[in-house]
Each structure stands twice: as structure tokens, then as C-alpha cells.
Amino acid sequence: MDNLSPGYEDVGGAAQPLLMVKNLIKHFALKKDILGKGGGVVRAVDGIDFMVRKGETLGVVGESGCGKSTTARLLMNLITADHGDIIFDGQSVGSRNLTLKEFRRQAQMVFQDSYASLNPRLTVEDSIAFAPQVHGVSKQDSIARARDLLQRVGLDPQRFAERYPHELSGGQRQRVNIARALALQSRLIILDEAVSALDKSVEAQVLNLLLDLKEEFKLTYVFISHDLNVVRYISDRVMVMYLGQVVEIGECESLFNAPRHPYTRALLSSVPSMDPDNRTETPPLAGDPPNPINPPSGCRFHTRCAQAQPVCSQKMPPLVSSIDGQGVACWIHVENSGHTQAVSTTEGVA
Amino acid sequence: MNTPDAPFVDIRDLTVTFTGGKSPVKAVNGVTLAVKRGEVVALIGESGSGKSVTLRSILRLHNPARSKIEGQILINGQDVVQLSNDALSRFRGKVTSMIFQEPLLALDPVYTVGDQIIEAILRHEKISRSEARARALSLFERVRIPSPERRLDAYPHEMSGGMRQRAMISLALASEPQLLLADEPTTALDATVQIQILLLLRELQRELGLSVIFVTHDIGAAVEVADRIAVMYAGRIVEQGTTRTLMRSPRHPYTRALLKSLAHGAAKKGTRLETISGSPPDLTKLPPGCAFAERCALALDSCKQTVPELVWLTPDHSARCLRTEQTATPI
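Each protein sequence line maps, in turn, to chains X and U. The numbering of the first sequence is our numbering, which starts it at 1 and goes up by one. The numbering of the second sequence is our numbering, which starts it at 1 and goes up by one.
Wrong hints could be hidden among the right ones.
Straight-line distance between alpha carbons at most 30 Å, and here's what the computed BS3-like set of lysine-lysine pairs gives [unchecked claim]:
#1 X/K214 with X/K101
#2 X/K214 with X/K37
#3 X/K214 with U/K260
#4 U/K260 with X/K218
#5 X/K218 with X/K54
#6 U/K285 with U/K260
Counterexamples of contact, computed for chain X against chain U with all Cβ distances above 10 Å [as the list claims (entries may be wrong)]:
#7 Q16
#8 N77
#9 S92
#10 Q140
#11 A161
#12 E193
#13 S201
#14 V271
#15 A286
#16 N291
#17 T303
#18 C305
#19 Q341
Each pair of labels, with its calculated beta carbon distance range [what the hints assert, rightly or not]:
#20 X/K101 with U/T187: 50 to 58 Å
#21 X/H135 with U/A328: 19 to 27 Å
#22 U/A87 with X/G38: 45 to 53 Å
#23 U/R206 with X/D49: 44 to 52 Å
#24 X/G38 with U/D13: 36 to 44 Å
#25 U/E158 with X/E215: 31 to 39 Å
#26 X/T99 with U/E158: 26 to 34 Å
#27 X/L100 with U/K68: 55 to 63 Å
Simulated from the structure, these hints should not be mistaken for laboratory data. Using N, Cα and C, we set each Cβ at its ideal position, and we do this for glycine too.
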């Protein structure tokens, strides 16, 4: 149907990134207890830069507390950033050219908990039609579009349109959430652990659906997940976060085949092997990720890094990006950084 | 009865029905499972397949007012289903203990972790409190909790997720049980911590010669620790075999579909994942035949008549399927 084709013109052409994030910072202040102790600041997102190209899927991985969900919420402006710019197709979000309401028509989010993110008192079709009505589409048109979208996400509108969320299974509810995200003809969909609560066979159905919809509606995804296998399957590029910072970003296959940051390497080799003859023998890292309240000085990974040297605890390594969008924040990859394994040219490192 | 090669755990035709709701829910429908001494068996399956219910039945954790357990659960020759309440208290923790998915819920928030371990030791043994504390300390060292002396006096909320899970493992091992039940023990943990806990469980199991039943939906975790894997669907074990056999040559159509639906490794980027159409049956109205038949591409009419008998493919590989001759090709 024509009314479901992307409703927004490309502003800057295909070469302009759909989303650019510059020096995004969000710190949460902790309350002091009655004795005046405690307080402190959680550095949830601490100065991250990245971009998302039109039509790609950017995977975001990292452990709990690394700031990946905070980043998602900042992108959608569900919480306000302390600092930083979010530029959507060349226009700053919240500026006169692109108001927040207008931005949210073009960017939508799907959450992990499929039940909590639907209004239990609305039928499925009313939930999907709600946002278009807020944006001025007539009730009749929006319901017709909702039913069409249900069909697209694989739920027969005859059977499902008038059901309530509790009458659906987890996989079906997540399909409804995806349909709702598409109802405004958005261009960017942020998927925050959207398939994590689903059983594996259902997860496969939803991943297939996401791939089909991306093709059909020319969507761009930011796909946040702790499941590295799924991220590898669906992403074009991957961003690895650790304690509120980006430690590595790059093209998916090269990042998985030749990770450059010691943390990325450890994270990837923590995935269970699936091969009974080739089990993991020693854990790649010891201990838990440190608390983001008082992150370590310098490189935040130096407390768990096998290759850490004095320089790593003194100075924070910058995210060195090359032209093709690959980047790594590690002193080993910075010329003359003072780390004995540092190389003379960045090309020399696999 | 207790010959050395008799299985340590021998579950025979176990059924568990929950009777609290409007219509009875048949969560487990005839599970037969044997676990030898020192063997690790993983129960895998999707939500609602009955894997956790089976596991909890072994400690009789279900509310007796709202559930009905039938069949036999023989642990070292003793039928747990028939135990009196006193005998059950002696059995729990001493012969069999359990670790859970969420240690923050399983540990008591108002006592220090050390106190909880000491309490567990004193419940089963007549030793002094200081001896029990020394045992607790050596358990903490064994599960490699850093600065163990200090951590004994910590409350659960003062520990990180991985450390809490280590503390719960030492609590479970406090009275030197012979059987450890693990219900998704690493699911809530981060990737780099999960692998540490899996390897710790494997190491402790070998050193102490424990039998372990490990419930997980994560096939990768099962492969890391299990000698054998049993696959559950709609309250029945549909296939079981050694980990290698099951991963290399699964024979039940459900196992095959489940393994094919995984996005793993460098697998087939950009191509569609294979999926299983439909959804699992309603446990209040199970079909008379194979519960997977509705979703199975190989199903015949006879599959829908009666529940298929166990087919032994090799002495240690069995499947409940009429169509195993159609599934001989590796996936």
C-alpha cells in the first residue's frame, strides 16, 4: 500500500549519515544518605561519538552498566543529555528545523519487555493507531493502517486486531511493538534488547521479520543486545561499549574476525563455543565489570586488561577512527603512546 | 539397590500437574531420566517445556496444595516423592542442593552471606560455630571470592552479580551434597562473568565428583558443561544423548529445528534463519499424540494418534519420534 511507503524525504542524500552523535554525556547523581555519606556520580554515558549510516544496522554490545540502554534512551530523548549533540539527517534534534515531536515521528524504539511497553487497556490495533492519531491522522485511516501493519508483521488482523496484550504470546506482542514502531513511517528504529526475552525459535522468527521490514521500508536500525551471536547475525557495523565509553567500532565481520581492543577480544571469546570438542578452557577475563560510579582512571579497562601498562592507568586513550569508520580506543594502537606494544603505523596491526 | 553402577538419580515416569488454576496444567508428562554419579546432564528447552518444573520436583519445591506429583524420583535409591517432611528437610541441602538464576532473590537480604552458610552447615552437622565459619571460609576460597574473610561478613547487596553467584554456589556446597541442581545459574550474568561461572561449576563438579542437573535455555552454556543433554518439549524429554551426539547428529525434528534456528558463529549472514512455525501446545489441553506433531514437517497421521515410544538409536541416544529414519542426515 502506498500509504506505508517511507513518508519522509532524504534530506542530505544517501551519503549523509542518518544519525550523528557528538560527545554525548549523561551522568546520574546519587542521593546522599541521611548521614551525608555516599552521593557520587554514575558516569553512565561519558563522551561518546558515533554515527549511523542510512540503511545500515549498527549493533551495540557491552555488559550491564556499560551505558548501552542509556545511550538508546538519550537518542530518543526519553532522558535529557547533560551534554552533546544528536544530529538526525543533518538537522540537530530539538532545533527549529527538527522539533522533538517531529524527530519522534521519524525515530521509534522497541523495548525488551513486550508486555510493559503496551497499554494493557488498549486493543492491539488501538495501540498501533494511537501515535498516528496524536500526529493528526483520522481514526479511520489510522485503524486501517494498523490492520495493514499487523498483516505485515505476520499477525492476521482478523484474529489479532481486537485482542488485548495479555491475550498474546511474547513473540506476538513483540511483533505488535514492531508494528507500532512502524506506524509513523519512521526511518530509524532503535531496538533495545528487543529479542532478548524471546525463546530461540521465536527470536529467529522476529529476526527474520526485522530483516524483511528493513528491506521493505528502507529502515535503519540501532540494535542493542548482549547476545553477540545475534548482533553478529544482524549488524552491518558494531560498536562495543565499556563503562560508558566506546572502546571499539567497526565493520561487523572484521570486528568479529579480528578484534583490536583487548576488551573486545575478551568479550568475543567469552561466548560459549557450541562445539563439544572445543570447550573453553580458561575464562578470558577475571572478575566482574567495575562499578560505573567510580570508574578506573585512564583507560577504564586497565584493571582487567592483561596487556595493561603504566600509561593505561594514567591517560584515557582516544577513540582513533580511520576514514572507513573503524575505530579503537587503546594505547596499543596509538603511535608512540608509551605502551611498549604500540606500533609505528596503525596499518601494521591486525 | 545401591549397586555401584546404578544411576544416582533415577526419575521414572514423572508427571507434575498444577491444579491451582481453572483447569489443571500438565507441566511435566512422563519424564524418565537417569543421571550417574559424577555426571552432568543438561535439560534444555524453551519456556514452558517443563525443565524447571522437573528440576524443582527433585527437591519437592512445588506447593503441595496446588500441585500433584506422580511417578518416582529415586535419589540414591530413596524415593523423594514419598519422603516425610522431616526426611525431606534432612535430604535438602545434605544430599541434594540447588542454585538459582537470581542470587539476589535466593539469598536472604537481612543476614550476611557468611551467616547463611554457617546456618546451612549447622543445620546438618553437630560442629561448633567457629568450625562452621572456617568451613565457610574455605568454601569461599574454593569458589575464588577475592578477600574471602572480609566477604563472609558482607550482605548480598554489597556484592557484584558474579560474586553473589559464587556465594550461592558455596552455600549450595556447604553440606557436601552429592547432587547439585542448577536452574539457569548463568542466565542473568554478563558474558565475561557467565563463562567464569560455567568453568567454575565444571571444575567443582570434577573435583568433588558431583552429579549435576543443569537447566538452561542456552544451548551454548549446556555444551560447555554437560556430558549429556536432554531436550524437553511440552513436558516430555523428546531426545537425549551425549552432548557430542546431540550437537552433531540430532534425530528428533524439534531438536533439529531448534539447532537450525540459532544465529551462531559466522552463520549465514544476510540469509534468513530457519524457524519453527506455530507455537507450543497449551499445557491444559495436550494433544493425544506427539506434542510437536502440529509444527513438524515430517509428521504423519499416526504421530497425532498416540505419544511415540522411545526409540533407541544407539545405547546412549534416544528420541521419542516415529520418523527417526527420516532424520539420519547431519544438520
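Hints, one by one, checked against the model:
1. Straight-line distance between C-alpha atoms of X/K214 and X/K101 comes to about 23 Å, which keeps the hinted pair within the 30 Å bound.
2. This hinted pair does not check out: X/K214 and X/K37 have alpha carbons roughly 50 Å apart, beyond 30 Å.
3. For the given pair, X/K214 sits about 23 Å from U/K260 by alpha-carbon distance, which is consistent with the 30 Å threshold.
4. A hinted pair counts as satisfied when its Cα atoms are at most 30 Å apart, and U/K260 with X/K218 qualifies at roughly 28 Å.
5. Pair hint X/K218 plus X/K54 holds up; C-alpha atoms about 9 Å apart against a cutoff of 30 Å.
6. The suggested pairing of U/K285 with U/K260 holds, with an alpha-carbon distance near 28 Å, which does not exceed 30 Å.
7. Residue-level check passed: X/Q16 sits 25 Å from the nearest beta carbon of chain U, beyond 10 Å.
8. For X/N77, the shortest C-beta to C-beta distance to chain U comes to about 28 Å, beyond the 10 Å cut-off, and the non-interface label holds.
9. The beta carbon of X/S92 is kept farther than 10 Å from every beta carbon of chain U, the shortest such distance being approximately 34 Å.
10. No beta-carbon of chain U is positioned within 10 Å of the beta-carbon of X/Q140; the least distance is around 32 Å.
11. X/A161, annotated as away from the interface, keeps every beta carbon of chain U farther than 10 Å; the closest lies near 19 Å.
12. Once the 10 Å rule is applied to beta carbons, X/E193 is consistent with being away from chain U; the minimum gap is 13 Å.
13. Its closest Cβ contact with chain U, about 4 Å, brings X/S201 to no more than 10 Å, contrary to its assignment away from the interface.
14. Not every CB of chain U lies more than 10 Å from the CB of X/V271, the least distance being 7 Å, so the non-interface label is violated.
15. The claim that X/A286 lies off the interface is violated: its Cβ sits roughly 7 Å from the closest Cβ of chain U, which falls inside the 10 Å cut-off.
16. The Cβ of X/N291 does not lie farther than 10 Å from every Cβ of chain U; its closest approach is about 8 Å, which violates its non-interface assignment.
17. Under the 10 Å C-beta cut-off, the non-interface status given to X/T303 relative to chain U holds; the minimum distance is some 12 Å.
18. Separation of X/C305 from chain U is adequate, the least Cβ-Cβ distance of about 12 Å exceeding the 10 Å criterion.
19. No beta-carbon of chain U comes within 10 Å of the beta-carbon of X/Q341; the shortest separation is about 22 Å.
20. Between X/K101 and U/T187, the C-beta spacing of about 39 Å breaks the proposed range 50 to 58 Å.
21. The hinted range of 19 to 27 Å is not satisfied by X/H135 and U/A328, whose Cβ atoms lie roughly 57 Å apart.
22. Separated by about 48 Å at the C-beta atoms, U/A87 and X/G38 satisfy the suggested range of 45 to 53 Å.
23. Between U/R206 and X/D49, the C-beta spacing of about 47 Å keeps the proposed range 44 to 52 Å intact.
24. A hinted range of 36 to 44 Å is violated for the C-beta pair X/G38 and U/D13, which are about 56 Å apart.
25. Take U/E158 and X/E215: their Cβ atoms lie about 49 Å apart, and the range 31 to 39 Å is violated.
26. Taking the beta carbon of each, X/T99 and U/E158 are about 46 Å apart, not inside 26 to 34 Å as hinted.
27. Here the CB-CB span from X/L100 to U/K68 is close to 56 Å, well matched to the stated 55 to 63 Å.
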